[in-house]
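These protein sequences, in sequence, are chains S and F. So that you can map any letter, position 122 of the first sequence is 122 in this note's numbering, and since no number is skipped, the others follow by simple counting. So that you can map any letter, position 54 of the second sequence is 54 in this note's numbering, and since no number is skipped, the others follow by simple counting.
Hints are computed from structural coordinates only; laboratory data are not their basis. A portion of the hints provided could be inaccurate.
As the list claims (entries may be wrong) - Calculated cross-link-like contacts (lysine-lysine; reagent style DSS-like; alpha-carbon spacing at most 30 Å):
(1) Lys82(S) x Lys37(F)
(2) Lys22(F) x Lys37(F)
(3) Lys22(F) x Lys74(S)
(4) Lys12(S) x Lys6(F)
(5) Lys6(F) x Lys74(S)
(6) Lys82(S) x Lys12(S)
(7) Lys54(F) x Lys6(F)
(8) Lys12(S) x Lys2(F)
(9) Lys12(S) x Lys74(S)
(10) Lys37(F) x Lys18(S)
(11) Lys12(S) x Lys22(F)
(12) Lys37(F) x Lys54(F)
(13) Lys54(F) x Lys2(F)
(14) Lys37(F) x Lys6(F)
(15) Lys18(S) x Lys22(F)
(16) Lys74(S) x Lys2(F)
(17) Lys74(S) x Lys37(F)
(18) Lys54(F) x Lys12(S)
(19) Lys6(F) x Lys22(F)
(20) Lys54(F) x Lys22(F)
(21) Lys82(S) x Lys2(F)
(22) Lys18(S) x Lys74(S)
(23) Lys54(F) x Lys82(S)
(24) Lys82(S) x Lys18(S)
(25) Lys12(S) x Lys37(F)
(26) Lys82(S) x Lys22(F)
(27) Lys6(F) x Lys82(S)
Unchecked claim - Which chain F residues stay away from chain S? Per the calculated CB distances, all over 10 Å, these:
(28) Lys2
(29) Leu8
(30) Trp14
(31) Lys54
(32) Glu57
(33) Glu58
Said to hold, decoys possible - Covered stretches of chain S (in silico footprint by chain F; criterion: 3 or more residues with CB under 8 Å from a CB of chain F, positions within the stretch not fixed):
(34) 9–20
(35) 70–82
Just so it is clear, the structure is predicted and the values come from calculations on it, not from any experiment. Yeah, the Cβ is synthetic: ideal placement off N, Cα and C, and Gly gets one too.
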Amino acid sequence: MNKPNTPGQTWKTRTHQKTIHLAYWTAGWLLTTALATFGPIALWGDTQWLTLLAVLVNALIGLGMILTNVQFLKLQDEFMQKVQLQAMGITLGLSLVAGITFSLLDTTNLIRQDAEISVLILFMGLTYLTTLWITLRRYR
Amino acid sequence: MKNRVKDLRTEQNWTQSDLAEKLDVSRQTVHAIERQKYDPSLPLAFRIARLFGKTIEEVFQED
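Looking at chain F on its own, in the form it has when it is part of the complex (with noise of 0.2 Å):
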């Protein structure tokens, strides 16, 4: 699966260590999300799309 979180983080002015506090997860879980090697359960993939106000389809794509 293929996911847009880096580019959305980076488009926030936020570092990983923002983004894994305001997500309530640890920072080696964004940077393993935003490397694409880590396919985040369907929970915190709502809480990722939420955060940035887009759909879970704007944020996460089959590969």
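The following block holds chain S by itself, in its conformation from the complex (with noise of 0.2 Å):
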């Protein structure tokens, strides 16, 4: 378990912290994502250069999501720890099962429509969100 960073700290206010800083990583990578996919259309035409700049710059920004997600982590305690873990297990096995039959449904015409990437990270969040409410539901 991990030991407060600032004394005087306690786990609600370090939690609360790493949250916002969260929520900051995540908002400004829907933002480069938002601009990394529109510039082109809506901005900068066909300059390579600034697409690829604005690629670049998403995926940093996605990395520095990535590890303020792991300090998030880190921060919690055992319990809260694994309650996350269950939460992500159960999330990353039903997104492969649900990824692969989306995508065979697709590839044999069984559905009309493409099996966009779009779709798969929208069913990641719900399952996500709702194993992590089921799972804390399970041990009140």
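With the hints as a guide, bring the two chains together.
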């Protein structure tokens, strides 16, 4: 279990601060994803180096988001780490199976729509939130 | 594993949040331990026992 980084800070304070940091990094990643996606269409047209720059900035901010998430998980106490690990494990498994199933449905033309990655990301987010909620309820 | 954490906490007139703050864990962790739904690690179990001035056997017992 992690000890306080700053004397006098409680678990609640530290977690709250890191949650805010994580929210900033996530918002930054979303904004740069939107910039890399819509920039070539709406802002700079066919200027390739600007598109490459936007993608690189997006990847770097994504890396920052991952590192902040790791720090966030390390700050959790042993029980909350267990809950998070369970939720992430279930999310990973379900996303892998659902992703492959969705892709197979697309490649075999059993569904009309394309298997877009955005659907999988949405599925992952909702699965993670739901399993986290269910896991916490189980320990009540 | 059974424990007497809730009894010991109420004897001190502490809320779950008070105990969580003293142990530097989340309130959910204290709640899960008190409900016997989660067995803490040895280091946390020792911290709990020490906080109440008890031995670990006085706080935690095998089922």
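Right, here's what the structure says about each hint:
no. : hint                : in the structure
1   : Lys82(S) x Lys37(F) : holds, 13 Å
2   : Lys22(F) x Lys37(F) : holds, 21 Å
3   : Lys22(F) x Lys74(S) : holds, 19 Å
4   : Lys12(S) x Lys6(F)  : holds, 21 Å
5   : Lys6(F) x Lys74(S)  : holds, 27 Å
6   : Lys82(S) x Lys12(S) : holds, 17 Å
7   : Lys54(F) x Lys6(F)  : holds, 14 Å
8   : Lys12(S) x Lys2(F)  : holds, 27 Å
9   : Lys12(S) x Lys74(S) : holds, 14 Å
10  : Lys37(F) x Lys18(S) : holds, 27 Å
11  : Lys12(S) x Lys22(F) : holds, 12 Å
12  : Lys37(F) x Lys54(F) : holds, 22 Å
13  : Lys54(F) x Lys2(F)  : holds, 15 Å
14  : Lys37(F) x Lys6(F)  : holds, 13 Å
15  : Lys18(S) x Lys22(F) : holds, 20 Å
16  : Lys74(S) x Lys2(F)  : holds, 28 Å
17  : Lys74(S) x Lys37(F) : holds, 22 Å
18  : Lys54(F) x Lys12(S) : holds, 26 Å
19  : Lys6(F) x Lys22(F)  : holds, 14 Å
20  : Lys54(F) x Lys22(F) : holds, 16 Å
21  : Lys82(S) x Lys2(F)  : holds, 20 Å
22  : Lys18(S) x Lys74(S) : holds, 10 Å
23  : Lys54(F) x Lys82(S) : holds, 27 Å
24  : Lys82(S) x Lys18(S) : holds, 18 Å
25  : Lys12(S) x Lys37(F) : holds, 22 Å
26  : Lys82(S) x Lys22(F) : holds, 21 Å
27  : Lys6(F) x Lys82(S)  : holds, 22 Å
28  : Lys2                : holds, 16 Å
29  : Leu8                : holds, 18 Å
30  : Trp14               : holds, 15 Å
31  : Lys54               : holds, 20 Å
32  : Glu57               : holds, 21 Å
33  : Glu58               : holds, 22 Å
34  : 9–20                : holds (count 4)
35  : 70–82               : holds (count 6)
Hint violations for this structure: none, all hints satisfied.
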